[in-house]
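Chains as they are written, first to last, in this note's numbering: chain X, 5 to 329; chain L, 64 to 519.
Just so you know, these hints were derived from the structure itself, not from any lab. Hints are not guaranteed to be accurate.
Calculated cross-link-like contacts (lysine-lysine; reagent style BS3-like; alpha-carbon spacing at most 30 Å) [to be verified]:
1. X:Lys-59 <-> L:Lys-367
2. L:Lys-180 <-> X:Lys-176
3. L:Lys-367 <-> X:Lys-176
4. X:Lys-290 <-> X:Lys-59
Example chain L residues on the side facing chain X (calculated, C-beta under 7 Å, incomplete) [as the list claims (entries may be wrong)]:
5. Pro-66
6. Leu-68
7. Trp-70
8. Ser-336
9. Ile-337
10. Leu-341
11. Ala-440
12. Leu-443
13. Leu-473
14. Pro-477
15. Val-494
16. Asn-498
Cβ coordinates follow ideal geometry from the N, Cα and C atoms, glycine included.
So you can see what is in the structure, the chains are spelled out below.
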Amino acid sequence: MFAYIVRRMLYAIPILIGVNLLTFTLFFVVNSPDDMAVSQLGEKYVTPEAIATWKKKNGYDKPLFVNAGAEGSEVLTDTIFFSKSLKLFAFDFGRSESGRDITTDVATRMWPSLAVALPNFAIGIWVNICVALMVVMFHATRLDRWAVFVFVSLMSISYLFYIIGGQFLVAKTWKLVPISGFNIEAQPWKFLILPVLVGVVAGIGSGARWYRTLFLEEANQDYVRTARAKGASEISILFKHILPNALIPILTGVVVLIPSLFMGSLLIESFFGIPGLGSYMLDAIKSQDFAIVRSMVFIGSILYIIGLILTDISYTWADPRVRLN
Amino acid sequence: MKPILLWSDALIFLLVIALCLFFYRLRRDPQTRERWGEVFSSRLGMVTFTVILVYVGVALLDSLHFRRALEAPEGLETEEIFYDNKVTSVLDVMLLGMGDRFERTYSAPFALKSFEKKNMKDEQGNAIRDFPPLEHAGRHLEDPAERWPDVAARSLTALLWGVLAAAVIIGLQWLALRRSTNPWYASWGVQAVVICLFVWMVNISRYYHILGTDLGGTDVMYQSLKGVRTGVLLGTLSTLIMLPIAVTLGVMAGYFKGWVDDVVQYLYTTLSSIPGILLIAASVLLFQVYIDLNPDFFSIGMEKADARFIALCFILGVTSWSTLCRLIRAETLKISQLGYVQAAHAFGVSHSRILGRHVLPNVVHIILITFVLDFSALVLAEAVLSYIGVGIDPSMGSWGNMINGARSELSREPTVWWTLTGAFFFMFALVLAANLFSDLVRDAFDPRTSMRRSEA
Numbered sequence: 005m006f007a008y009i010v011r012r013m014l015y016a017i018p019i020l021i022g023v024n025l026l027t028f029t030l031f032f033v034v035n036s037p038d039d040m041a042v043s044q045l046g047e048k049y050v051t052p053e054a055i056a057t058w059k060k061k062n063g064y065d066k067p068l069f070v071n072a073g074a075e076g077s078e079v080l081t082d083t084i085f086f087s088k089s090l091k092l093f094a095f096d097f098g099r100s101e102s103g104r105d106i107t108t109d110v111a112t113r114m115w116p117s118l119a120v121a122l123p124n125f126a127i128g129i130w131v132n133i134c135v136a137l138m139v140v141m142f143h144a145t146r147l148d149r150w151a152v153f154v155f156v157s158l159m160s161i162s163y164l165f166y167i168i169g170g171q172f173l174v175a176k177t178w179k180l181v182p183i184s185g186f187n188i189e190a191q192p193w194k195f196l197i198l199p200v201l202v203g204v205v206a207g208i209g210s211g212a213r214w215y216r217t218l219f220l221e222e223a224n225q226d227y228v229r230t231a232r233a234k235g236a237s238e239i240s241i242l243f244k245h246i247l248p249n250a251l252i253p254i255l256t257g258v259v260v261l262i263p264s265l266f267m268g269s270l271l272i273e274s275f276f277g278i279p280g281l282g283s284y285m286l287d288a289i290k291s292q293d294f295a296i297v298r299s300m301v302f303i304g305s306i307l308y309i310i311g312l313i314l315t316d317i318s319y320t321w322a323d324p325r326v327r328l329n
Numbered sequence: 064m065k066p067i068l069l070w071s072d073a074l075i076f077l078l079v080i081a082l083c084l085f086f087y088r089l090r091r092d093p094q095t096r097e098r099w100g101e102v103f104s105s106r107l108g109m110v111t112f113t114v115i116l117v118y119v120g121v122a123l124l125d126s127l128h129f130r131r132a133l134e135a136p137e138g139l140e141t142e143e144i145f146y147d148n149k150v151t152s153v154l155d156v157m158l159l160g161m162g163d164r165f166e167r168t169y170s171a172p173f174a175l176k177s178f179e180k181k182n183m184k185d186e187q188g189n190a191i192r193d194f195p196p197l198e199h200a201g202r203h204l205e206d207p208a209e210r211w212p213d214v215a216a217r218s219l220t221a222l223l224w225g226v227l228a229a230a231v232i233i234g235l236q237w238l239a240l241r242r243s244t245n246p247w248y249a250s251w252g253v254q255a256v257v258i259c260l261f262v263w264m265v266n267i268s269r270y271y272h273i274l275g276t277d278l279g280g281t282d283v284m285y286q287s288l289k290g291v292r293t294g295v296l297l298g299t300l301s302t303l304i305m306l307p308i309a310v311t312l313g314v315m316a317g318y319f320k321g322w323v324d325d326v327v328q329y330l331y332t333t334l335s336s337i338p339g340i341l342l343i344a345a346s347v348l349l350f351q352v353y354i355d356l357n358p359d360f361f362s363i364g365m366e367k368a369d370a371r372f373i374a375l376c377f378i379l380g381v382t383s384w385s386t387l388c389r390l391i392r393a394e395t396l397k398i399s400q401l402g403y404v405q406a407a408h409a410f411g412v413s414h415s416r417i418l419g420r421h422v423l424p425n426v427v428h429i430i431l432i433t434f435v436l437d438f439s440a441l442v443l444a445e446a447v448l449s450y451i452g453v454g455i456d457p458s459m460g461s462w463g464n465m466i467n468g469a470r471s472e473l474s475r476e477p478t479v480w481w482t483l484t485g486a487f488f489f490m491f492a493l494v495l496a497a498n499l500f501s502d503l504v505r506d507a508f509d510p511r512t513s514m515r516r517s518e519a
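Taking the hints into account, I'd like the entire structure generated from these sequences.
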């Protein structure tokens, strides 16, 4: 098991290098630092001197890959590729275009993101599984067909409408909670209820529908028929036979997402004014701060790869037949 | 009049031709015919397919663009014809100038007066502050109290015309299809409703704003209709760009195995490990910088918006092929172990022939299911991307831009609800129809579900 995990981590290195090369190509080769300077400075103030100062200030004045003017190992290290791209591997994210330290920003903004994403994730899965189990109990009846129709309808509504509608109903019309904002010291739950509620409700359609298919797949297996034949009650079939067996496909889809919870949700955070990583990314995109975008891409990829490894490990826990080697 | 062929127009018509050819060829295959028959033998299949076709029809009508010729300026004697910088489409013509009736700002559905007060002068010349009457709504009425009777009377005449038109169109179809066993009546029901609604809408909108106007004073109904083209095109073109990449790489990885498989797997793991929204946002921003630095490439504003649109389709396509590729690779791995592929190998059939004759036809169902499933996901994604600011160019109407512009309107006092309502219903109907239809297609084509049904 340990050897397996180590090997998987070694596999991750070429993938991260690939991610790095891709972002590097996107940000520095396709669009040269000069183009970036022009769009950052705005059309009006573009003079060759202004571009040069901007590039020097942000460290883009070096050559891309090979610095022929330097000596010794600096031929390779005193370049944009080394200072902007390779340093990410040491979790040195450097400074954003506006001069703030990205590492500190990420470390402080991670927690509000988690405060929303974690309850959202846990309650969401619980609700979806409950709804799906209920629907499976009424399988092949009219109720089941209508439930599927409702799921598909819920899926067909844009996420934005859930947020806008939730804010309008719960916060504006009923005045139960503040529309947006976040305060970690005083009553943080007050600000968290609505985002979590919206997130859970928005996820029911696709989530419950997916779990329903997984449960139905199991419900058609032979062991379920045997259990029924020996006289087990429908409830015990559902909870003792179908649910544990459907756990493996559920884990595949779910565990991969856990590390990404740190990244937060772009939409929820920006609509509800939560100072997490999601709104951080959105602000970076809107102000075209590519240094932040680059760092977030790297963090996101790492979290995804951790998720993949966690998925494999969780298999051994859920299914004794699976051995990692 | 001078026809204009935007890049996206050309692509969408190419796509329609390709799809027609594809289905014409598929008709000869008895198994495929049987499966499609299954989809269309249900009422739901008929209804959803008709709804999708209506949307596609509107999108295609909106893709036939031209520039109107302007009248020669007075006192200028030239043979040269000047063209309007605004691009008009056939749909605009059919809507009888619905998009040209601008107001000053917000107005509620069927309202006669503007939503916001303005300083005016009354008959005696005193300065007053009141809601000014709208410029294009209810101008023919002498008394505002006549409004609702007038709307009712006009609706009735419009509906009569609508029923007449529907009767003709459906009657023709009935003559051709009366011996068919499929539930065509379900489709005709939808067609009748759509035709009546369209005739009603075009007639009433000459006198009122059915869904009101937005902040800039544009008719909301018109904007929603304009969003149809963007939504449909984005959904189809992105998938079209994704398909060749995913299919080629997936089939090659599954068939040749070895280092090809390793490379393809590496590529899609790398790509899917990058948070999709960041990759899309970064690519769109970079393209935007490129457009801003090269403004001379595009002669009119519409072409610039179109270029950005195509780029967005391209980026969405290039960043989303990994799921389909993974599915096709797995299926190809399975197929290439089967007896008939082994036999073909033994007979010395070339690789390209095996791929074309034995492997590709057997993964078509995966492609088809993905195509329909992704369509609705992309329409929804457009709204989110527009909110983030990396979506469709604001000058090109789209539901995402409508929602984005209207997201704080519900918190106004009194509430401005109509822009969001318009975008919501137009989007919901399309996505719901596509989702339901894709469920049916999957049930018919996925061997796993059809096996389960034959057991039951």
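Hints, one by one, checked against the model:
| no. | hint | result |
| --- | --- | --- |
| 1 | X:Lys-59 <-> L:Lys-367 | 29 Å, holds |
| 2 | L:Lys-180 <-> X:Lys-176 | 25 Å, holds |
| 3 | L:Lys-367 <-> X:Lys-176 | 40 Å, violated |
| 4 | X:Lys-290 <-> X:Lys-59 | 20 Å, holds |
| 5 | Pro-66 | 34 Å, violated |
| 6 | Leu-68 | 28 Å, violated |
| 7 | Trp-70 | 20 Å, violated |
| 8 | Ser-336 | 4 Å, holds |
| 9 | Ile-337 | 6 Å, holds |
| 10 | Leu-341 | 5 Å, holds |
| 11 | Ala-440 | 10 Å, violated |
| 12 | Leu-443 | 5 Å, holds |
| 13 | Leu-473 | 5 Å, holds |
| 14 | Pro-477 | 12 Å, violated |
| 15 | Val-494 | 4 Å, holds |
| 16 | Asn-498 | 5 Å, holds |
The structure fails to meet hints 3, 5, 6, 7, 11, 14 from the earlier list, while all remaining hints are met.
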